[in-house]
Structures are given as structure tokens and as C-alpha cells.
Amino acid sequence: MLTKPEASPDGERARDVCDRHGNRPDELIEILHEVQEDLGYVPEAVIPVIAKAINLSRAEVHGVVTFYHDFRREPAGRHVVKICRAESCQSMQGEALCNHAKASLKAGFGETTADGQVTLEAVYCLGNCALSPAMMVDGQLHGRVDTDRFDEILAETLSEAVQ
Amino acid sequence: MTRIFIPDDAAALSMGADKIAAAVTAEADKRNLKIEITRNGSRGLLWLEPLIEIET
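From first to last, the protein sequence lines are chains A and B.
Sequential numbering of the first sequence, starting at 1, is according to the working numbering.
Sequential numbering of the second sequence, starting at 1, is according to the working numbering.
Warning: the hint list may mix true and false statements.
[To be verified] Listed next, with one range per pair, are the computed distances between beta-carbon atoms:
1) B:Ile54 <-> A:Gly22: 44 to 54 Å
2) A:Asp146 <-> B:Ile52: 16 to 26 Å
3) A:Ala96 <-> B:Ala22: 24 to 34 Å
4) A:Ser8 <-> B:Gly16: 41 to 51 Å
[Stated by the list, open to error] A partial selection of chain A residues facing chain B, derived with a Cβ cut-off under 10 Å:
5) Leu126
6) Gly127
7) Cys129
8) Ala134
9) Met136
10) His142
11) Gly143
Note that these hints are calculated values from the structure, not bench results.
Model, not experiment: these values are computed from the prediction.
Beta carbons are placed, not taken as given, at the ideal position from N, Cα and C, and that holds for glycine.
Sequences and hints are given; from them, build the entire structure.
Structure follows, in C-alpha cells:
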């Protein structure tokens, strides 16, 4: 091997995360969550680093990362909008909300707006079914989201000062 | 001293419970009213959130 991924800053941070989790293979998902929270996504380069640290094969780590849609392989836009497409939200005009979101952002699910501000993602149940349709923006849950509420929340989100 | 209960479970928060708590606090300050806000757990009436309980 000529490349040393663990020598890169991302690799170092991924290794630190693994250390903090005792380098245990059964902590893989928790490790991946922390890496994504730290770096914003799970870079390809950290997969072999994690695999080596917790003694799993690269294929096993790759398998888990690619199985769960929540793990991002590329950086997201500045804001992440997750719209629920599961049954309860579907029954409360969720698809109309999805179409409105795609049209308004000019981006499809899994895409980021051209200006890099918003990444739109489809999720399948936020556990807020009694208040469908549900949506999560930058980790904050919203209920009873119709197209008007979507516009309000989006405007509020985009107008927030940079932290 | 009036006790006011505003839930802070996920369902209530998704319907603006934090904003409501802030608004109640601000209004009480403005009117110089003594209130005590407790952020309680869910009553299970998720579809009716946001709910606010005022002790009488």
C-alpha cells in the first residue's frame, strides 16, 4: 500500500472516533454516526481506516455504510431537509409536499441545490405520525407540514445567520 | 404564582412548543406576572399538540 489514509486529517479523526468507542466492531454504526457528525459525511478514505481500527474487513464496513441511506458519501449542502415518505405521511398528502419541495428547491431527492444551500433527502418515518406530514430540517423535527408551512420553514432556515 | 406546563417531547417540539414557551415567558415578563413554566412529558395526545396546561 502506497497511500496511508490514516495519515490524513479525516483519517486521524476517524481513528480517534474508533478509539473513543474502544475499537469495538459492534460499535461500527455508532462510529459511523459520529464520523458523519464530525466530518459532515463518511469519506471513502476513512472506510479502510475504520476497518483496520475495529478489525473488520473493508467490505463489511462498506456494506454497512452503503446499506443505511442516512450515511452520506459526499458532503451535504449547508442545510439538510429530510421529508418523510412513509405510509402515514403519504396518507396526509405527503407526496404533494414532496413535489412542492422538489419544484421549489429545483432539486430531487438525494440532490443539493445549485447554490449549495440545501440538500433534499427522503426518509421513511420520523416517528411523528400523529402529526403527518413530517419533515426534519437540520435535525429539527416539524409536524403538520403542508406546502405553506414548508415555504415558511425554508425561508426561516435560509435567513438564519451563519453560526 | 401560576404554574404552566408546556410539554417538550418530540411531538410537541415539532409543533413549536419551544417558541410557545419563549412567547409565554416574554409576555409574562412584559406584564410583570409571576409564572413558573414546567416543561413536562407527553400526555399522549400527540395529534392535539401544541398543548399548554395552566394550573388553576
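Comparing the hints with the structure gives:
1. Evaluation of the 44 to 54 Å hint for Ile54 of chain B and Gly22 of chain A yields a pass: the beta carbon distance comes to about 49 Å.
2. With their beta carbons about 23 Å apart, Asp146 of chain A and Ile52 of chain B fall inside the hinted range of 16 to 26 Å.
3. The hinted window of 24 to 34 Å between Ala96 of chain A and Ala22 of chain B holds, with their beta carbons roughly 31 Å apart.
4. Checked against the hint of 41 to 51 Å, the pair Ser8 of chain A and Gly16 of chain B passes, with Cβ atoms roughly 43 Å apart.
5. Checking Leu126 of chain A against chain B by beta carbon gives a least distance of about 8 Å; that is within 10 Å, so the hint holds.
6. Below 10 Å, beta-carbon pairs count as interface contacts, and Gly127 of chain A has one with chain B at about 7 Å; its hint therefore holds.
7. With its C-beta approaching chain B no nearer than about 8 Å, Cys129 of chain A sits inside the 10 Å limit, and its interface hint holds.
8. Because the beta carbon of Ala134 of chain A sits about 7 Å from the nearest beta carbon in chain B, less than 10 Å, this interface hint is met.
9. Hint status for Met136 of chain A: holds, given a least beta-carbon distance of 9 Å to chain B, under 10 Å.
10. Given the 10 Å rule on beta carbons, the hint for His142 of chain A holds: about 5 Å separates it from the nearest Cβ of chain B.
11. Contact between Gly143 of chain A and chain B, as hinted, is supported at the beta carbon level, the nearest pair being about 4 Å apart and thus within 10 Å.
Checked against the numbered hints given earlier, this structure breaks none of them.
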